[in-house]
Each structure stands twice: as C-alpha cells, then as structure tokens.
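J.: Top line first, the protein sequences correspond to chains C and G.
Numbering of the first sequence is given in the working numbering, commencing with residue 1 and proceeding in unit increments.
Numbering of the second sequence is given in the working numbering, commencing with residue 122 and proceeding in unit increments.
Careful: at least some of the hints might be erroneous.
[What the hints assert, rightly or not] Here are the computed lysine-lysine pairs in the DSSO-like style, where the Cα-Cα straight-line distance is at most 27 Å:
| id | chain 1 | residue 1 | chain 2 | residue 2 |
| --- | --- | --- | --- | --- |
| 1 | G | Lys123 | G | Lys160 |
| 2 | C | Lys104 | C | Lys15 |
| 3 | C | Lys65 | G | Lys292 |
| 4 | G | Lys216 | G | Lys354 |
| 5 | C | Lys104 | G | Lys207 |
| 6 | C | Lys104 | C | Lys2 |
| 7 | C | Lys11 | C | Lys65 |
| 8 | C | Lys104 | G | Lys292 |
| 9 | C | Lys2 | C | Lys65 |
[Unchecked claim] Some residues of chain G that are not near chain C, with every Cβ distance over 12 Å (derived):
| id | residue |
| --- | --- |
| 10 | Asp126 |
| 11 | Phe127 |
| 12 | Gly132 |
| 13 | Asp145 |
| 14 | Thr155 |
| 15 | Pro156 |
| 16 | Glu179 |
| 17 | Asn200 |
| 18 | Val259 |
| 19 | Asp299 |
| 20 | Arg309 |
| 21 | Phe316 |
| 22 | Ile338 |
| 23 | Pro358 |
| 24 | Asp359 |
[As the list claims (entries may be wrong)] Looking from chain C toward chain G, a few residues come up when the C-beta cut is under 7 Å (computed):
| id | residue |
| --- | --- |
| 25 | Glu22 |
| 26 | Tyr101 |
| 27 | Met103 |
Hints are computed from structural coordinates only; laboratory data are not their basis.
These numbers were taken from a predicted model, which means no experiment stands behind them.
Here a beta-carbon is modelled for each residue, glycine too, at the ideal position from N, C-alpha and C.
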Amino acid sequence: MKLCLVVDDSKVIRKVARRILEELNFEIDEAVDGQDALDACERNLPDVVLLDWNMPVMDGLEFLKALRARDGIEQPVVVFCTTENDMAHIRTAIEAGANEYIMKPFDREIIEAKFSQVGLL
Amino acid sequence: MKTEDFEFLAGMLKERSGLMLTPDKVYLLESRLTPLARKRGLDTLDALVQKLRLSREESLIRDVTEAMTTNESFFFRDNTPFDLFKNHVLPAMEKSRTSQKRLRIWCAAASTGQEPYSLAILLRENWIKWQNWNIEIVGTDICTQVLEKAKAGTYSQFEVQRGLPIQMLIKYFRQEGDQWRISDDIRRMVSFRPFNLLSNFIGMGTFDVIYCRNVLIYFDQPTKKDVLERMRKCLAPDGTVFLGAAETVLGITEAFRPVRGQRGMYVPSDGTAEKLMGLG
Numbered sequence: 001m002k003l004c005l006v007v008d009d010s011k012v013i014r015k016v017a018r019r020i021l022e023e024l025n026f027e028i029d030e031a032v033d034g035q036d037a038l039d040a041c042e043r044n045l046p047d048v049v050l051l052d053w054n055m056p057v058m059d060g061l062e063f064l065k066a067l068r069a070r071d072g073i074e075q076p077v078v079v080f081c082t083t084e085n086d087m088a089h090i091r092t093a094i095e096a097g098a099n100e101y102i103m104k105p106f107d108r109e110i111i112e113a114k115f116s117q118v119g120l121l
Numbered sequence: 122m123k124t125e126d127f128e129f130l131a132g133m134l135k136e137r138s139g140l141m142l143t144p145d146k147v148y149l150l151e152s153r154l155t156p157l158a159r160k161r162g163l164d165t166l167d168a169l170v171q172k173l174r175l176s177r178e179e180s181l182i183r184d185v186t187e188a189m190t191t192n193e194s195f196f197f198r199d200n201t202p203f204d205l206f207k208n209h210v211l212p213a214m215e216k217s218r219t220s221q222k223r224l225r226i227w228c229a230a231a232s233t234g235q236e237p238y239s240l241a242i243l244l245r246e247n248w249i250k251w252q253n254w255n256i257e258i259v260g261t262d263i264c265t266q267v268l269e270k271a272k273a274g275t276y277s278q279f280e281v282q283r284g285l286p287i288q289m290l291i292k293y294f295r296q297e298g299d300q301w302r303i304s305d306d307i308r309r310m311v312s313f314r315p316f317n318l319l320s321n322f323i324g325m326g327t328f329d330v331i332y333c334r335n336v337l338i339y340f341d342q343p344t345k346k347d348v349l350e351r352m353r354k355c356l357a358p359d360g361t362v363f364l365g366a367a368e369t370v371l372g373i374t375e376a377f378r379p380v381r382g383q384r385g386m387y388v389p390s391d392g393t394a395e396k397l398m399g400l401g
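Next comes chain C alone, as it looks inside the complex (with noise of 0.2 Å):
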C-alpha cells in the first residue's frame, strides 16, 4: 500500500482527502503545516505529498523546496492542492519541483485524474 502525506491546516480538508485516497486505497498520514510535514518525512517517508500552500509556521512552498533540497532520499511525488489558482503560482510550485497541481475545490474525479497522471494509479 502506497503512503500518502496529507498537508492541510484545515481539519475538513485533510478528512474529505483521507476519505477520497482511502477508497483509491492509500494509507494516509497527516499534517498540518509544512514543519510538521518535514518531521512527518523524516519519521516514515511518504511515496506521495498533497500539499496545501497557505499553512501557519511554514508554508507548502517553504516545505517542497525544502524537501527538494535534502540528499539521500528517494523524493516523493508532490501534488499541490490548494485554492491559489493563478498561473503564476503554479509555475512557480512546478518550478520548485511540484509534480502535479490540484486547484481547489477538488473532488474525487480530479484527485484520481492527476494521482493517475504522476503514475500513483
């Protein structure tokens, strides 16, 4: 079973994205800015990261370059999930090593369209 790390500071957010990976069979692990994400890398590393930009304490860019930046890992695949849907903000996340890009609001059929699009499905 593949693991996904859910980087949300919205508690209904990381639920409705448990529930939808779940049923496409993911195991799930959460957190809820980009520090804690980094410390949840660094415990059990995920084979993939649907990240949230705007957290408190460190964002979702902050945490993928950071996560980039580090040697001597096997790089997950990160997908971003958030409600900045402009084009610069998505070069900018492609640009610092995102995978793939979901625009908020998301519901199963996109989350499945682009987890299938990074080869996860």
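Starting from the known structure of chain C, fit chain G onto it as the hints suggest.
T.: Below, chain G without anything else, positioned relative to chain C:
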C-alpha cells in the same frame, strides 16, 4: 409520463439523432426536458410534448435533441486512445505519408472539443516533426451548442483538471478570469462543424484516423452497423478507428477488426495497418 408521450419522444429522438431511449430512461427525459420546457415558457413536460406534437416546430425539436444527447467530455479521456495515437498511429503515419505530408483526423463526437484539442496538443508536443505537414483535425457533433463552446476553447477550472497534465495547462492555456482558454496555436489546428452521423458522409473526404467514442452506445444494432460501414468508406485503407471502451465492432460489422490487445482500436478488415504501427 404517459406511455404514448414517451413513445412519441423516443421515436422523434431515434429519427433525429439515432438515440435509443428505453423506458427505464424516463427520468432522463424528465430531468433534462423540464428545464427546457420552462425556458420555453411552458409549465410542464406534458405541455412541451403537446407543443411538439401540434407544431413540429423545428427549433424546438432541435433543442430537445440537443438536451437529450450526452456531452460529457474531458481532456485525454481514458488515456489509452491517446497513448496509442502518439506511440503507434503517428509513427506509422509519419512513414506512410512522408511524401504527401498530409494527415486528416476526424473526431465524430467532438462535444465540447477536449478530444480534438488533446490530439492537437500531442502533435504540438512534437512539432518539429509535424510543422511542415498539412494537418487537419475536424471535430463534428450533432449538438451546435457544444460546438460553440468547443470553438471558443474556454474551459472551467474543473474541466481543465480532468485529464490535463499541469505541464500542458501551463504550456497551452492562458487564464481569462475564472476560465482557461486554449492557445490560438492549438485552436487553429482544429475546425468544428455540426454534423449528424445519420446523414450522408459524402463530402467528408478521406480520413487517416477517426475517433468515434461513446456515441455508438446510444444507437441500435442496424444504426451502429450502418454508421460503421459508412465510416469505413471514408477511412484510408491503412487508417485507424477508435471507439469507446464500452463499444465494439464484433457482432456488428465485418468492415473492421479489433487490433489485438489494444482496447478500443480498430482497423479495416482488409487492411494492413497493424504492421505499419508495429502492432501486427
């Protein structure tokens, strides 16, 4: 709904679009035509049927037909037909059409345009190879309303997230308010026009590839056979037809045969297309 009203509507739709409506689909009639009745200032679906019976008003018949045909579509739908296009059809065409450098593709149920635009994007991804070719992608649909949207090439945030990789969104779309518009380079590669698959194919010319997905399922056997056999006549001998995942030629017509191991892909029975595509 009264049985005779259902039969009247089902008969009209069959005649107009080939759509087969079975009695278990009464709910579809109600959910799709009630809003249309209101738009036309009629109180109920019964009143709409009455009006159709009495006036046989052409524009009303067209609106009813359009409301009942399914138009769901998304970019790179089902993936496989596009992978096969990229990895097998295009390389074969590149070799076999190298002197005339001409390629004609027909999306016979183009709906809101995602399928022909997906094909155009795949060609664009390897433009160095194709830029000197005369490539024509024709998108047709029975529903003029969806074709308007197809021509405009604008899609909602929801639509661009179903099937379209983010890299392609960045490359081939620009944002206009809350909509995403496909680039002019891609838009110019596709022409759209209304076309009824029950009508004559003369004048369509010869195509190298035909996508006719998720439309035959609405037709009865004789209509499927008729459409497929007429399609055979406007397909090059080494051409390819893609049908929907739930559709087949088996038991319907001998004009095509399935390409072994490649779901949804069919070639003329007397052709040699598989060899060219490295699938033989």
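J.: All hints, please: hold or fail.
T.: So, going through the hints one by one against the coordinates:
1. Annotation: proposed proximity of G/Lys123 to G/Lys160 holds, straight-line Cα distance about 22 Å (limit 27 Å).
2. Only pairs whose Cα atoms come within 27 Å are accepted, and C/Lys104 paired with C/Lys15 is accepted, the gap being roughly 15 Å.
3. A threshold of 27 Å between alpha carbons decides the hint, and for C/Lys65 with G/Lys292 the separation of about 23 Å falls inside it, so the pair holds.
4. A distance of roughly 23 Å separates the Cα atoms of G/Lys216 and G/Lys354; the hinted pair therefore holds under the 27 Å criterion.
5. Of the supplied pair hints, the one linking C/Lys104 and G/Lys207 is violated, its CA atoms being roughly 31 Å apart against a limit of 27 Å.
6. Only pairs whose Cα atoms come within 27 Å are accepted, and C/Lys104 paired with C/Lys2 is accepted, the gap being roughly 23 Å.
7. At roughly 24 Å between alpha-carbon atoms, C/Lys11 and C/Lys65 fall within 27 Å of each other, so this suggested pair holds.
8. For the suggested pair C/Lys104 and G/Lys292, the alpha carbons sit about 21 Å apart, so the restraint of at most 27 Å is met.
9. In summary, the hint linking C/Lys2 to C/Lys65 is supported, as the alpha carbons are separated by about 23 Å, within the 27 Å threshold.
10. Distance check for G/Asp126 against chain C: the nearest CB is about 35 Å away, which clears 12 Å, and the non-interface claim stands.
11. Non-interface status of G/Phe127 relative to chain C is upheld: no Cβ of that chain comes within 12 Å, the nearest being about 32 Å off.
12. Every CB of chain C lies more than 12 Å from the CB of G/Gly132, the least distance being 35 Å, so the non-interface label holds.
13. In this structure G/Asp145 is separated from chain C by more than 12 Å, as the shortest Cβ-Cβ distance comes to about 25 Å.
14. For G/Thr155, the requirement that its beta carbon stay farther than 12 Å from each beta carbon of chain C is met, with the minimum near 26 Å.
15. A cut-off of 12 Å between C-beta atoms confirms that G/Pro156 is not in contact with chain C; the least separation is 23 Å.
16. With a minimum CB-CB distance of about 37 Å to chain C, G/Glu179 clears the 12 Å threshold, and the non-interface call stands.
17. Non-interface call for G/Asn200 relative to chain C: violated, since the shortest CB-CB distance, roughly 8 Å, does not exceed 12 Å.
18. Once the 12 Å rule is applied to beta carbons, G/Val259 is consistent with being away from chain C; the minimum gap is 27 Å.
19. Not every beta carbon of chain C lies more than 12 Å from that of G/Asp299, the smallest distance being close to 8 Å; the non-interface claim is violated.
20. At roughly 21 Å from the closest C-beta of chain C, the C-beta of G/Arg309 stays outside 12 Å, upholding its exclusion from the interface.
21. Every beta carbon of chain C lies more than 12 Å from that of G/Phe316, the smallest distance being close to 29 Å; the non-interface claim holds.
22. Every Cβ of chain C is farther than 12 Å from the Cβ of G/Ile338; the closest lies at roughly 21 Å, confirming the non-interface assignment.
23. With a least CB separation of 35 Å from chain C, G/Pro358 remains clear of the 12 Å interface cut-off, as annotated.
24. Listed as outside the interface, G/Asp359 is consistent with that label: its C-beta sits roughly 31 Å from the nearest C-beta of chain C, beyond the 12 Å cut-off.
25. With its C-beta approaching chain G no nearer than about 21 Å, C/Glu22 sits outside the 7 Å limit, and its interface hint is violated.
26. For C/Tyr101, the interface hint holds, since its Cβ comes within 7 Å of a Cβ in chain G; the closest pair sits about 4 Å apart.
27. This hint holds: C/Met103 has a C-beta 5 Å from the nearest C-beta of chain G, less than the 7 Å allowed.
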